[in-house]
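Chains G and C, in that order, are what the protein sequence lines are.
In case it helps, the numbering used here puts the first sequence at residues 28 to 138.
In case it helps, the numbering used here puts the second sequence at residues 85 to 195.
Hints listed in this document are in silico derivations from the structure and should not be mistaken for laboratory results.
From the three backbone atoms N, C-alpha and C, an ideal C-beta is built for every residue, glycine too.
Treat the hints with care, since some could be wrong.
[To be verified] Covered stretches of chain G (chain C as the covering partner; in silico rule of three or more C-beta atoms under 8 Å from a C-beta of chain C):
| hint | segment |
| --- | --- |
| 1 | 41 to 51 |
| 2 | 57 to 71 |
| 3 | 89 to 102 |
| 4 | 107 to 113 |
[Claimed, not checked] Calculated pairs, SDA-like style, for lysine to any residue (alpha carbon to alpha carbon, straight line, at most 20 Å):
| hint | chain 1 | residue 1 | chain 2 | residue 2 |
| --- | --- | --- | --- | --- |
| 5 | G | Lys30 | C | Ala126 |
| 6 | G | Lys80 | G | Glu106 |
| 7 | G | Lys30 | C | Phe129 |
| 8 | G | Lys30 | C | Gln121 |
| 9 | G | Lys84 | C | Ser87 |
| 10 | G | Lys82 | G | His56 |
| 11 | G | Lys45 | G | Asn111 |
| 12 | G | Lys84 | C | Gln160 |
| 13 | G | Lys30 | C | Phe113 |
| 14 | G | Lys45 | G | Glu126 |
| 15 | G | Lys45 | G | Thr113 |
| 16 | G | Lys98 | G | Asp55 |
| 17 | G | Lys30 | C | Gln120 |
| 18 | G | Lys30 | G | Thr125 |
| 19 | G | Lys30 | C | Gly124 |
| 20 | G | Lys30 | C | His122 |
| 21 | G | Lys30 | C | Thr128 |
| 22 | G | Lys30 | G | Met115 |
| 23 | G | Lys30 | C | Leu130 |
| 24 | G | Lys84 | G | Met115 |
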Amino acid sequence: DVKVTQSSRYLVKRTGEKVFLECVQDMDHENMFWYRQDPGLGLRLIYFSYDVKMKEKGDIPEGYSVSREKKERFSLILESASTNQTSMYLCASSLRNTEAFFGQGTRLTVV
Amino acid sequence: GQSLEQPSEVTAVEGAIVQINCTYQTSGFYGLSWYQQHDGGAPTFLSYNALDGLEETGRFSSFLSRSDSYGYLLLQELQMKDSASYFCAGPFGGATNKLIFGTGTLLAVQP
């Protein structure tokens with residue numbers, strides 16, 4: 028079975044903190060994605076990566092950065108957390124973008 | 085632009101048939117996927133249409149019309165466990181195609 032693992036299920040951080048969300052996949056997928064999910068807004072793409080060290084902005088990259096040093100790991104970084112970044116964050120991986128596999132999500136609360 | 089639109093909510097009764105529609109902007113469109121997400125869970129893949137027509141997988145079918153920029157998910161013999169959010173999604177772009185999700189449809193199955 029494909030497995031996508033996110034490092035934390037729940038996270039509480041203070042405003043201004045630097046936050047790291049980690050995601051690891053075990054299927055040798057080229058493509059990895061970070062989304063945030065908010066009620067009524069669906070899944071919005073923050074960043075994606077199509078190869079090691081390669082990344083592209085999604086629809087809402089402001090306030091975020093990413094790192095992909097190894098193929099299996101894709102990290103999302105909140106440079107200075109703000110309350111409007113309180114959300115559910117979902118990581119996904121995919122071979123050809125016809126079928127994506129998701130982690131269980133990290134519910135981040137910024138106080 | 086790249087966006088996918090869905091109705092926000094659909095209600096149906098057990099045993100009935102329900103159709104969830106998805107319309108999309110055509111810029112760089114490759115194909116249409118469908119995902120199911122139960123409350124508190126991660127999205128899981130249901131189906132993918134690369135070509136026009138109907139794809140059937142058990143009680144679920146998915147349809148695509150590229151000339152109309154439109155697709156739908158058809159759920160037959162509805163069961164209570166089908167109550168969930170359903171998302172259409174598409175890989176858009178060229179060599180570095182990104183996976184964009186629709187706004188999601190909350191399906192409520194009533195007894």
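Next pair to validate is lysine 30 of chain G with glutamine 120 of chain C; report whether the Cα-Cα distance is within 20 Å. holds (17 Å)
Given the hint that lysine 30 of chain G pairs with phenylalanine 129 of chain C, does the C-alpha gap stay at or below 20 Å? holds (14 Å)
Is the hinted pair lysine 30 of chain G and threonine 128 of chain C satisfied, with a Cα-Cα distance of at most 20 Å? holds (12 Å)
Is the Cα-Cα distance between lysine 45 of chain G and threonine 113 of chain G 20 Å or less? Distance ~14 Å between lysine 45 of chain G and threonine 113 of chain G Cα, so the pair holds.
Restraint status (C-alpha distance of lysine 84 of chain G to glutamine 160 of chain C at most 20 Å): violated (38 Å)
Is lysine 84 of chain G within 20 Å of serine 87 of chain C, Cα to Cα? Status holds; Cα separation ~16 Å.
Restraint status (C-alpha distance of lysine 30 of chain G to glutamine 121 of chain C at most 20 Å): Given pair lysine 30 of chain G, glutamine 121 of chain C holds - Cα atoms ~17 Å apart, limit 20 Å.
Satisfaction of hint between glutamate 106 of chain G and lysine 80 of chain G, Cα-Cα up to 20 Å: holds (19 Å)
Quick one, are lysine 98 of chain G and aspartate 55 of chain G close enough, alpha carbons at most 20 Å? holds (7 Å)
Would you mind confirming whether the straight-line C-alpha gap from lysine 30 of chain G to histidine 122 of chain C stays at or under 20 Å? holds (18 Å)
Would the hint linking lysine 30 of chain G and phenylalanine 113 of chain C be met if the CA-CA limit is 20 Å? violated (27 Å)
Are the Cα atoms of lysine 84 of chain G and methionine 115 of chain G separated by 20 Å or less? holds (19 Å)
Checked against the numbered hints given earlier, this structure breaks hints 1, 3, 4, 12, 13, 14; the rest are met.
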